[in-house]
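Quick mapping for you: the protein sequence lines, in order, are chains A and B.
Letter 97 of the first sequence, counting from 1, is numbered 97 in full-length UniProt numbering, and no numbers are missing.
Letter 124 of the second sequence, counting from 1, is numbered 124 in full-length UniProt numbering, and no numbers are missing.
Think of the hints as simulated: they come from the structure by calculation, not from any bench.
Bear in mind that the values here come from a model prediction, so they are computed numbers and not experimental data.
A virtual CB, placed ideally from N, CA and C, is assigned to each residue, including glycine.
Hints should not be assumed to be uniformly reliable.
Over the 10 Å line for every Cβ pair with chain A, so calculated as not near, a few chain B residues [what the hints assert, rightly or not]:
1) 87
2) 126
3) 211
4) 237
Here are the simulated DSBU-like cross-link-like pairs (lysine-lysine), alpha carbons at most 35 Å apart as the crow flies [what the hints assert, rightly or not]:
5) A/160 - B/105
6) B/160 - A/71
7) A/160 - B/100
8) A/85 - B/100
9) A/160 - A/85
Facing chain A, according to a computed beta carbon distance under 7 Å, are these residues of chain B, among others [said to hold, decoys possible]:
10) 91
11) 94
12) 156
Number of protein chains: 2
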Amino acid sequence: MTDPASSISQPTTVNVDLGERSYPIFIGAGLIDGDELVPFIPSSRAVIVSNTTVAPLYAERLTQALEAAGKRVDLIALPDGEQYKNLETLERIYDFLMEKQADRKTTLIALGGGVIGDITGFAAASFQRGVPFIQVPTTLLAQVDSSVGGKTGVNHPRGKNMIGAFYQPRCVLADTASLDTLPDRELSAGLAEVIKYGLLWDEDFLDWIEANVDALRQRDRGALTEAIRQSCLIKAEIVRQDEREGGIRALLNLGHTFGHAIEAGMGYGRWLHGEAVGAGMCMAADLSHRLELIDAATVKRIETLIASAGLPTRAPAELSTERLRELMDSDKKVEDGRLRLVLLGRLGQARLVDRVDDEAIRATIEATRATA
Amino acid sequence: MTDPASSISQPTTVNVDLGERSYPIFIGAGLIDGDELVPFIPSSRAVIVSNTTVAPLYAERLTQALEAAGKRVDLIALPDGEQYKNLETLERIYDFLMEKQADRKTTLIALGGGVIGDITGFAAASFQRGVPFIQVPTTLLAQVDSSVGGKTGVNHPRGKNMIGAFYQPRCVLADTASLDTLPDRELSAGLAEVIKYGLLWDEDFLDWIEANVDALRQRDRGALTEAIRQSCLIKAEIVRQDEREGGIRALLNLGHTFGHAIEAGMGYGRWLHGEAVGAGMCMAADLSHRLELIDAATVKRIETLIASAGLPTRAPAELSTERLRELMDSDKKVEDGRLRLVLLGRLGQARLVDRVDDEAIRATIEATRATA
Ligand SMILES: NC(=O)c1ccc[n+]([C@@H]2O[C@H](COP(=O)([O-])OP(=O)(O)OC[C@H]3O[C@@H](n4cnc5c(N)ncnc54)[C@H](O)[C@@H]3O)[C@@H](O)[C@H]2O)c1
Ligand SMILES: NC(=O)c1ccc[n+]([C@@H]2O[C@H](COP(=O)([O-])OP(=O)(O)OC[C@H]3O[C@@H](n4cnc5c(N)ncnc54)[C@H](O)[C@@H]3O)[C@@H](O)[C@H]2O)c1
Ligand SMILES: [Zn+2]
Ligand SMILES: [Zn+2]
Numbered sequence: 001m002t003d004p005a006s007s008i009s010q011p012t013t014v015n016v017d018l019g020e021r022s023y024p025i026f027i028g029a030g031l032i033d034g035d036e037l038v039p040f041i042p043s044s045r046a047v048i049v050s051n052t053t054v055a056p057l058y059a060e061r062l063t064q065a066l067e068a069a070g071k072r073v074d075l076i077a078l079p080d081g082e083q084y085k086n087l088e089t090l091e092r093i094y095d096f097l098m099e100k101q102a103d104r105k106t107t108l109i110a111l112g113g114g115v116i117g118d119i120t121g122f123a124a125a126s127f128q129r130g131v132p133f134i135q136v137p138t139t140l141l142a143q144v145d146s147s148v149g150g151k152t153g154v155n156h157p158r159g160k161n162m163i164g165a166f167y168q169p170r171c172v173l174a175d176t177a178s179l180d181t182l183p184d185r186e187l188s189a190g191l192a193e194v195i196k197y198g199l200l201w202d203e204d205f206l207d208w209i210e211a212n213v214d215a216l217r218q219r220d221r222g223a224l225t226e227a228i229r230q231s232c233l234i235k236a237e238i239v240r241q242d243e244r245e246g247g248i249r250a251l252l253n254l255g256h257t258f259g260h261a262i263e264a265g266m267g268y269g270r271w272l273h274g275e276a277v278g279a280g281m282c283m284a285a286d287l288s289h290r291l292e293l294i295d296a297a298t299v300k301r302i303e304t305l306i307a308s309a310g311l312p313t314r315a316p317a318e319l320s321t322e323r324l325r326e327l328m329d330s331d332k333k334v335e336d337g338r339l340r341l342v343l344l345g346r347l348g349q350a351r352l353v354d355r356v357d358d359e360a361i362r363a364t365i366e367a368t369r370a371t372a
Numbered sequence: 001m002t003d004p005a006s007s008i009s010q011p012t013t014v015n016v017d018l019g020e021r022s023y024p025i026f027i028g029a030g031l032i033d034g035d036e037l038v039p040f041i042p043s044s045r046a047v048i049v050s051n052t053t054v055a056p057l058y059a060e061r062l063t064q065a066l067e068a069a070g071k072r073v074d075l076i077a078l079p080d081g082e083q084y085k086n087l088e089t090l091e092r093i094y095d096f097l098m099e100k101q102a103d104r105k106t107t108l109i110a111l112g113g114g115v116i117g118d119i120t121g122f123a124a125a126s127f128q129r130g131v132p133f134i135q136v137p138t139t140l141l142a143q144v145d146s147s148v149g150g151k152t153g154v155n156h157p158r159g160k161n162m163i164g165a166f167y168q169p170r171c172v173l174a175d176t177a178s179l180d181t182l183p184d185r186e187l188s189a190g191l192a193e194v195i196k197y198g199l200l201w202d203e204d205f206l207d208w209i210e211a212n213v214d215a216l217r218q219r220d221r222g223a224l225t226e227a228i229r230q231s232c233l234i235k236a237e238i239v240r241q242d243e244r245e246g247g248i249r250a251l252l253n254l255g256h257t258f259g260h261a262i263e264a265g266m267g268y269g270r271w272l273h274g275e276a277v278g279a280g281m282c283m284a285a286d287l288s289h290r291l292e293l294i295d296a297a298t299v300k301r302i303e304t305l306i307a308s309a310g311l312p313t314r315a316p317a318e319l320s321t322e323r324l325r326e327l328m329d330s331d332k333k334v335e336d337g338r339l340r341l342v343l344l345g346r347l348g349q350a351r352l353v354d355r356v357d358d359e360a361i362r363a364t365i366e367a368t369r370a371t372a
């Protein structure tokens, strides 16, 4: 683990090893203005897909960098929001590509958060049965999570991410300086996933996060680069072992069954995903303790870290135990009526636990719900 | 080459060799009522996607065969026609799957012609990022062409097959008896592709087609089984060598640049695709002769075979040479303003010819246009 002071603004690269679909993740401050992407654009044409919030901030700089390398660049700015991650918006991308006479070698570049990354990735997977794709994630969540692993897609009115493809980008460019404009709540939401990687995979990284959480919240670029690098290394390793999500990839759901229940119960959008995952990880820690996998001091340590990242540690008071329990079932990891959950064996080591005792789950929800 | 008389109603299997994506094509009369599909349906649930023409003819039999093996089967019947091969219809399939609470292991079965196969294949590729897929093609064209090779997709208002995926089925079941209800014109259109395989790859097969074209048009099941088997063997071999269409797969476009120009010029739907390809192959033969690749007797032989299959051998009189020439350019195989075409080196051997002389192309169009 490098010390942030020694790594300030040094760009770094993480390689995602997926055989012939391998690709690099470039991480560093100011990369949007550089030429890292250029070798990954096979023809003279690229289309940037962004939204009305991010495009005004970064699209011109990215365009200039690519035009300087002789590329023709077109830009489409979609409306901003998870509610637009749907087939209708996807169709707008196809319409734009047809109108601009994009061809099989035209590269699609996603410039934005996870919503833009997911929808653009699926557009790239399906336009003319697949065109080159590059991710330029501009939220911390997208830089550490959604841009790695190849899951792309859109929502169906009846379910999130129901339509999509596994489709790997040619490269990912995570510019830590682009996080300067990110709202504090969104930054904290991204930190939830960073903490998740430490908890589920790497105790040393968790120690490092504890020591650097303030620097991260102050957007120290060296600290951000290191946090993104470690997160991508861990996610890349898990994805390498399980590209199509048959086994170990499930560990990435630590805190998510509880978190999804909170998101759904509150109505999507009121709690950010990362906020719900923050509380969800505290709930998973509490349950792990109840099942005698970790001790009380460890639970406390986890809660302290999550709180210090600016995240909630308790489920919202307005959702009853009954309701939360019910919503957990619709998250589809049920077998024979008993839940399968990702819990902590110890710090830095998550494990799948099948058929978790229902009384213990209810006790956890009771104990971790905020008092109204 | 087996003689049809000796192979009447003997089912046969062609294996498509694509590594871990390999799959069998079962060919024979009455297979819809059999249990060949059952081992390829990994869970207890399947959804048949068909249309309002084919579902009343075959869906109940297929359902009964699967239910007899303990499967739960749901059916969606889409409207019939190429004009419904679009994103809106695709969304109807997703809606149906969500409504029926289909999951990641629910198998989609395409029951119909190429339109149903293409759209169902893309729905299977994209629903929950990919669910199991089976093809039960019921047109000759789908049995010999569209169900083999993994191309799936839908049309965009501005272009055919613009949105889709490469996605291989678990297996294909071609029931020759299902062709009994196929209109004669559709049967002949399928024969165009059968003849195409002989012309581009296998002179012996071409001889066999000449000897059996009447039996084929009378829907002799032995002859059909043999024609489908040989066609699938040839397409499977070409696809094996070039799954993602980078090279040799282009040979499958013999007659298609001319054919697409005819289809587009007449307005899609007036000439069937196979009819346009029939005339297109005669035009390719004429051009091959002009470029001194084949002799006049060979051109004549090809025309005679195509006519005997019930297909046109001439471009429609109402399209001018200028118009047809123009439309050929929009078929996107242009390089430096000169066309790249699939022509015949000799019978049973097609080749790609770059930058074909424009005068020769015009002369061919002039010479092969029907007189009004
Ligand atoms: N594909 C995957 O593996 C994966 C993993 C996790 C999450 N996701 C998906 O990611 C999405 C959530 O991603 P998200 O959290 O990035 O949300 P988001 O894309 O909605 O971005 C959050 C907000 O920040 C704005 N924004 C983005 N970058 C900014 C910047 N640099 N400065 C100022 N504002 C900026 C966005 O416009 C938006 O309003 C969800 O749809 C989720 O399903 C996908
Ligand atoms: N994926 C590929 O590689 C590939 C290759 C070639 C063509 N295609 C696509 O295939 C489509 C054309 O396929 P098609 O020629 O099968 O057309 P089609 O699917 O429209 O079928 C032709 C007609 O026959 C009807 N029909 C089907 N089976 C029948 C039966 N057994 N009895 C009576 N009627 C029946 C259909 O309802 C339809 O009206 C086009 O969309 C084309 O783009 C795809
Ligand atoms: Zn998450
Ligand atoms: Zn064809």
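Structure-based check of each hint:
no.: 1; hint: 87; in the structure: violated (6 Å)
no.: 2; hint: 126; in the structure: violated (5 Å)
no.: 3; hint: 211; in the structure: holds (38 Å)
no.: 4; hint: 237; in the structure: holds (21 Å)
no.: 5; hint: A/160 - B/105; in the structure: holds (18 Å)
no.: 6; hint: B/160 - A/71; in the structure: holds (27 Å)
no.: 7; hint: A/160 - B/100; in the structure: holds (16 Å)
no.: 8; hint: A/85 - B/100; in the structure: holds (23 Å)
no.: 9; hint: A/160 - A/85; in the structure: holds (9 Å)
no.: 10; hint: 91; in the structure: holds (6 Å)
no.: 11; hint: 94; in the structure: holds (6 Å)
no.: 12; hint: 156; in the structure: holds (6 Å)
The structure does not agree with the numbered hints 1 and 2 stated previously, though it agrees with the rest.
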